[in-house]
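*Asks:* Here is what each chain is made of, one letter per residue.
Protein chains: 2
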Amino acid sequence: METAVQRASSKPSTGYGIIDCDVHQHLNSYEELKPYMPRVWWDRLKEYNGTFPSLVWRSIPLTRRDASPEEGKIPGSDPEFAKKHFLDKHNISKAILTGSLLTLSTHPNPDYAAAIATAFNDYTFDKWISSDDRWRASIVVATQDPLLAAKEIDRLGSHPKACQVVVTPSSSQPYGQRWFYPIFEACVRNNLPIALHSGGEGEGINTPPISAVGQPTTNLERHNILPIHQMSQLNSIVCEGVFERFPTLKVVCVEGGLAWLPHLMWRMDKNYIAMRKEVPWLKRKPSEYIIDHYRFTTQPIEEPENFDEMIQMLKFMKAEKTVLFASDYPHWDFDDPKFVLHKLPEEMRRRVAYENAAELYQLNDIHS
Amino acid sequence: METAVQRASSKPSTGYGIIDCDVHQHLNSYEELKPYMPRVWWDRLKEYNGTFPSLVWRSIPLTRRDASPEEGKIPGSDPEFAKKHFLDKHNISKAILTGSLLTLSTHPNPDYAAAIATAFNDYTFDKWISSDDRWRASIVVATQDPLLAAKEIDRLGSHPKACQVVVTPSSSQPYGQRWFYPIFEACVRNNLPIALHSGGEGEGINTPPISAVGQPTTNLERHNILPIHQMSQLNSIVCEGVFERFPTLKVVCVEGGLAWLPHLMWRMDKNYIAMRKEVPWLKRKPSEYIIDHYRFTTQPIEEPENFDEMIQMLKFMKAEKTVLFASDYPHWDFDDPKFVLHKLPEEMRRRVAYENAAELYQLNDIHS
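Top line first, the protein sequences correspond to chains A and B.
Quick note on numbering: the first sequence equals residues 1 to 368 in my numbering.
Quick note on numbering: the second sequence equals residues 1 to 368 in my numbering.
Treat the hints loosely; a few may be bogus.
Since the list gives no way to pick one copy over another, a pair counts as held whenever it fits inside one copy or between any two copies.
Mimicking DSS-like on lysine-lysine, the simulated pairs with C-alpha atoms at most 27 Å apart in a straight line are [what the hints assert, rightly or not]: (1) 285 <-> 343; (2) 89 <-> 343; (3) 343 <-> 270; (4) 89 <-> 270; (5) 321 <-> 338; (6) 84 <-> 338; (7) 270 <-> 338; (8) 46 <-> 73; (9) 161 <-> 89.
Hint data in this document are derived by calculation from the structure and do not stem from the laboratory.
The task is simple: from the sequences and hints, build the whole structure.
*Replies:* In structure tokens form, the structure reads like this:
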């Protein structure tokens, strides 16, 4: 395990660390979870492609070929390779592992989904977290049964390397509604933010289709419209008063885009003036809850022809407070930290590269 | 009927006319349609609240009380009153009537829905269009049966006061998909743009819920998230190559918000680079189709605390070409032209107030 001094030497030339808030560990096969699961589920694990809905829209590979540790192995399946190929190469100080169970919460069986979540978390701590001090874990939970999810959060929440809970933003009932509160309660009880990582939309038991007007035709069309699930969850969470009920809760929108936020904040604030009598529990404007409680990861950052327009957009959404860097390694649309961070104005860059994440995840040691 | 010279005298002090692209005519009761409908449907007309899904989220009145022509009458139900109370007062040169059948296409019976559309169109030409040269009609069609809709467009499309076709953006299958093409074909054949006017989302037979993650709780939450249906239709229409198949087609997003467009254009263009092999029919970047073929009405315009941010957003979406003024008279969230237009920079204001709409709807006589 490296020391803080050794860590300091791997800082990039910018003079501060980078916290990467979205890095994926992948199983070579679900059978890797066998040692962490009761025997009753073993038969299902063999059915790699059968156990969870697979994305029928997929038209390009999910992962970077060069992230494969060796011929025939899944990219992102080997912590040692990922350390050299990713952490060292890009001078990453801390990397938040977000898992690879994007369709977990779309499975019809709540017990099987919960057992997979538990096994995957144990696999993560066992194989990844123990291998390097730079890794941090997200606790993966299945949303089918919020009480089982809360139990899993309580089981692992006090681990010093657990830094957040992660769920999909795909659901049949918005997360601001009461059935979901046991999960928020457990997050608050364990002092953990909750991340909504895009994935699983419109599949399995999560009935609303990917697009708001029915299923799209192509993966291009699907990927373009994914942020509407993040928008819908944010809207529900804020309007239902979740941040009044859980004043210490933080929510992270991961891989859900950024540039839609100004529009939604402005619309919510305007409508709040006319319809606030419906939501007497709100004490502030919707945008104030968002700026204080919501965080957004950069990847895949929008890229207008003139990137200055994106800088403007980041200012509209107070990126110096709300935005966290993420690369999405080892996925196909990986954002190189050099590319993204070096395009930001200096003051915003430091906040996005590490300060916002260090504050959110209490990773203050990397400042030294 | 007024002459062009008389019309000129009613121009506002800005020195140019205003074309209002979203004004609603309302029935006092569905029974007003009796004279225009076969007797077989008359029984249904009595059931005013029963014939079409009513918005269970509604928490505030739909219309401005002061727009009621007299005690007990529905606001927007009397063309003579609306002329004085709205057209004259706000110096409107032309007003595009968009109807009030927002849930028409959510009805389970395609023949009844089509009969209502036909009757409503006849009512509009009979009672409204004939009453003043400033009114223009949208041809209302029901989407349940695209072939019946096309027939209705052909029946009325050559009327000199018909200026577009109007449908809801709410659907169970995205409009870029093939089943909808008879409607686009009829629009092109009759040289009419098609307007997607927000309304009817998540109701009746249109199964995707209003929010992308399930039904919202309050009207505030519902109204905040309505634009995702417009985003989804735009995404489908562009990605499916509708503008390559119908190169003269124009689409108008009415009452669907504006400030989300830069985000979606940027995301679509970025994804197109990676996934263009899925859509070989596209010959240009998605944003180029949008800027050339799509138009967006202003109301309800987003209002950040600092309106300069909205001006920036309008520049990102090339408002000088793509944005049309709309007031939404006589609805509750009416935007006063003075308020909206006077906040825009002069060059953009003239384009938004009348030039963009005059070009789109070929209303060139109002320039004089």
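*Asks:* Hint by hint, say whether it matches the structure.
*Replies:* Results of checking the hints against the structure:
no. : hint        : result
1   : 285 <-> 343 : between (31 Å within a copy, 23 Å between copies)
2   : 89 <-> 343  : within (20 Å within a copy, 50 Å between copies)
3   : 343 <-> 270 : between (32 Å within a copy, 17 Å between copies)
4   : 89 <-> 270  : between (46 Å within a copy, 26 Å between copies)
5   : 321 <-> 338 : within (20 Å within a copy, 36 Å between copies)
6   : 84 <-> 338  : within (17 Å within a copy, 61 Å between copies)
7   : 270 <-> 338 : between (38 Å within a copy, 18 Å between copies)
8   : 46 <-> 73   : within (17 Å within a copy, 68 Å between copies)
9   : 161 <-> 89  : within (22 Å within a copy, 66 Å between copies)
When the structure is compared with the earlier hints, no violation turns up for any of them.
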